[in-house]
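*Asks:* Dock chain X against the given chain P, drawing on the hints supplied.
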Amino acid sequence: MNGSNQFIGLKVVLFTLIVIGIFTYYANSIPQLESRPPQELSLSKENLTPEALVQAGKDIFYGKGTCALCHAIGEKGPRAPDLAGIGARAATREPGKSAKEYLIESLINPTAYVVEGYPPIMPAVNKPPISLNPTEILAVVAFLESLGGTVDVKPSDIPSETSATPTSVAPAAPASLKLPGNPEAGKAVAEVCVQCHIIPGVGKPRRPRAPDLSAIGAIATPDYIIESILDPDAKVVAGYPAGLMPKDFGEKLKAQEFMDLVAFLMTLKGGSPESSEPGKGAQPAEGQKKEGVQETKASSLPVPEAKPAETEKKEGAETQGSKNPTTGSEQNKSQ
Amino acid sequence: MRKINRKVFFIFSLLFFVILLGSAFAQQPAGDQPMEYRAFPYIGSRQIMWIAAQLHLMFAAFILGVPIFAVIVEFIGFYARDPMQRLRYDKLAKEFTKLLLIAFSATAIWGAILTFLFITLYPKFFNYLSNIFSPTLWIYPFLFFGETFTLYLYWYGWEWLQGEKKKFHLALGVLLNLFGIAVLFITDAWTTFMMSPSGIDEKGNLVSLWKAINNPLWMPLNIHRLIANIVFGGSIAAAYAAFRFLSSKTEEERAHYDWMGYIGNFIAIQAFIVLPFAGYWFGREIYAFDQQLGITMMGGFLSWLWIIQAILIGIIFLASNYYLWIGMERIPGAERYRLYTRLILLVLVVGTLVWATPHSLVASLEEARKMGGAHHPLLGVLGVMSAKNTAVNIMILSTFLSFLFYRRGNKISRVSWAKTGVVIQGLILFLAAFIVVFYGVRGYFVEAIVRIGYSVYQVLAVLSAIILTMILDIFMLRNAEEIGPIRWGKMPPRSQYALFLVAITFTWLMGLMGYARSAIRQHWHVYGVMRDTSPEAFSPTLGFAADMVSICVLLFFALVFFIFWIGHLGEKTKILEERVEEEVEGITTAKLKGGYTA
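Order-wise, the sequence lines are chains P and X.
In terms of our numbering, the first sequence opens at residue 108 and continues consecutively.
In terms of our numbering, the second sequence opens at residue 56 and continues consecutively.
These aren't lab readings, by the way, just hints derived from the structure by calculation.
Hints should not be assumed to be uniformly reliable.
Chain X side only, calculated, beta carbon under 7 Å to chain P, not exhaustive [unchecked claim]:
#1 Leu230
#2 Gln577
#3 Gly583
Listed next, the in silico DSSO-like pairs over lysine-lysine satisfying Cα-Cα at most 30 Å (straight line) [claimed, not checked]:
#4 X:Lys258 <-> X:Lys149
#5 X:Lys179 <-> P:Lys118
#6 P:Lys171 <-> X:Lys149
#7 P:Lys354 <-> P:Lys342
#8 X:Lys258 <-> P:Lys294
#9 X:Lys146 <-> P:Lys171
#10 P:Lys361 <-> P:Lys342
#11 X:Lys221 <-> P:Lys118
#12 P:Lys118 <-> X:Lys153
#13 P:Lys118 <-> X:Lys149
#14 P:Lys311 <-> P:Lys294
#15 X:Lys466 <-> P:Lys118
#16 P:Lys294 <-> P:Lys359
#17 X:Lys146 <-> X:Lys466
#18 P:Lys261 <-> P:Lys294
For glycine and all other residues, C-beta sits at the position ideal for the given N, C-alpha and C.
Same shape as in the complex, but just chain P:
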């Protein structure tokens, strides 16, 4: 023993080196993957073809959007349903909603409808950690529409100001602008609107006759909302008749009331108003309410324009279940 324990330190060191060497060698010999941060998509409206948009959407679907982690196309995924044929089915899901509008809503407010058999696990893609910008969301919509449907995302839908650089520190939110107007005061003004529109936290009509405004702040720009109040028939959401909204509504409001209303509508992101968790939707911060200033995204998605020709058909169409086609399995029934 005495002879052998002379070099015991050396033996143990050698043994340690050999064992660690084997582990290191093995770890280096298996497939080497690196996880790079996703790149922001920035598309030029010029020369933008639907094909290019669909391709960009496909890249996002399998890349930055991380959609393919759960959704499969052509086979039923373990966590989320098959998206084959979603382009055709999306247009028939909700009366009055086009495929584009429905898909946008599904992407930014995915837990609104949860499909039986699947947990409500899909995150809002416009919020961290995915944080797709409006252009990227439209590209994904174009890609999803191409799965059995008609791509109707147009270059004009692409907002000109897309946040191209990721934010570096908390909060990881897109660039923002300050809107004059007190959302809290705007909420009181919005009480009139619930005669026809669904507005969370304010009320809902017995029979909704106008589009649901639950997520209007996430899918529309302030300009769009202002225009919709001042000139309601300039753009009519698919499935709803023109002339329903009073044309003089905007004129009856005082300037402050008008801005308060816009500021309030921009707070409606489709999430739970009580939530304070990141990525789960929230009310405007306390400080903002007091200052009467509301922060909102500089570049939001445009609400798709109405297609009067399709309106009649969709009003007559029966809803095949109020499931979200991007998170639900009921789509299989319509196949």
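*Replies:* Structure of chain X alone, referenced to chain P:
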């Protein structure tokens, strides 16, 4: 006493200085453009932070894990009836604590280095975290001070607090652990907040400090780390004993360190058996918090990491079982179980192979074409969670069985129901194995969401079987007849290398799992809240991570070796002093007796 004061003063001053410096950096003057990142020369910021964090974690894990079982060993000694046993366990607990004492300063130093690097290399990130957690940053150094102070009292008061005062000493040990656990829980809050941020609004501003601390992954990581620290502490203590065993010069020393190595390994493996369950809970909570985080962890770019993990855990199971089987050779009567150990070996090897089977094989285009895809027609079936969960649960049961055989090696039960007891134990273990296999096979025929739930049944079956069998065993072997005493010290050197292997593998595994936990955040400092925009905002490959882990493990062992060597030098000096004292006493006595002639 002066020595203690100096050490305590040094550690506390260091921490205080770090906090002060942190606060100074965190409060940048208004209007200044905040510095987001600084580059560390030559090595790179990520790499230097990685090394500092990993080494701090390893030392911290050691100093948090060891006191838990040192106090337990001391308690066992305290309640032992046999005075010799009492002395033996007390000596062992003291020896464990000695290791702790030496590693304590290293933990503080690496903690300080880590904090300095964090403040200077990632100032904005540090600023954000310190804004969220500032009250905990103030409490933390005081807790650490409390832990340090209690440790020194615990160590230096060992001889003083004997006899009637022993209860106070035990209470000090418990207090030491309470401080340690509090320190661990606070640091875990910072770590898990980065993965599952809570208690903040959409802008990342703090809403509730308690929610930020008690985020969804906080408690799972607390429990997982607590158990892992015991495993780590046990395995390093066993490796230390193995080294001392191999370099022992007397039979007595060998017997002592053989026993110490056994206890260290016993503690490590007992805790290790429970660790996968804690890991499973942690993983499940990651999925519950954010599916993407979970999928990135298990099915994304990290998927191959779990194959390495399986191999490492397989090695730990095999090495620790091997150590037990060799150990049975020094137990008279244990040869009765030799046949079973061969079967257990077979089960462990098959289990490791199944667990380490990848779902998608690395294959050339031609090979993939022949296989009909990336999944092998046969092996692909084994590369899924149903098979892997089944394998690991069966491996845990097998290891437990090894311990049972070891435990009863030289004993013959005297109770009248001994045979019935053995049958019942067998039935319990068989039933558990059946449940594990049943749900493993059934998992192939159900939806993923249902399959995930099956793991819970498998885990419950195994845990229940272990507890029930152990309770029965305790009653069966009470006042059991002993065939012969365990021949401590009669172990071949190769058995000690099994202990080294367990320690090295577990340390490496710890580093790898640290990378996994951190890498699932990908390009986020705080997941979904604060993005990493530095040039190193990417998760490196597994190969790179393995290189880094190996560097950390080598540095850790080099430092441990150095620290223990210094401790050993201290021992030598003490022995020399005692000898000189004895000689002086002898000379004086001789002089007094008039028998000394110069």
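*Asks:* All hints are to be evaluated individually against the structure, with a verdict given for each.
*Replies:* A quick look at each hint next to the structure:
no.	hint	result
1	Leu230	violated, 35 Å
2	Gln577	holds, 5 Å
3	Gly583	holds, 4 Å
4	X:Lys258 <-> X:Lys149	violated, 51 Å
5	X:Lys179 <-> P:Lys118	violated, 46 Å
6	P:Lys171 <-> X:Lys149	violated, 55 Å
7	P:Lys354 <-> P:Lys342	holds, 13 Å
8	X:Lys258 <-> P:Lys294	holds, 22 Å
9	X:Lys146 <-> P:Lys171	violated, 59 Å
10	P:Lys361 <-> P:Lys342	holds, 23 Å
11	X:Lys221 <-> P:Lys118	violated, 41 Å
12	P:Lys118 <-> X:Lys153	holds, 25 Å
13	P:Lys118 <-> X:Lys149	holds, 28 Å
14	P:Lys311 <-> P:Lys294	holds, 13 Å
15	X:Lys466 <-> P:Lys118	violated, 36 Å
16	P:Lys294 <-> P:Lys359	holds, 17 Å
17	X:Lys146 <-> X:Lys466	holds, 26 Å
18	P:Lys261 <-> P:Lys294	violated, 33 Å
The structure is inconsistent with the numbered hints 1, 4, 5, 6, 9, 11, 15, 18, although it conforms to all the rest.
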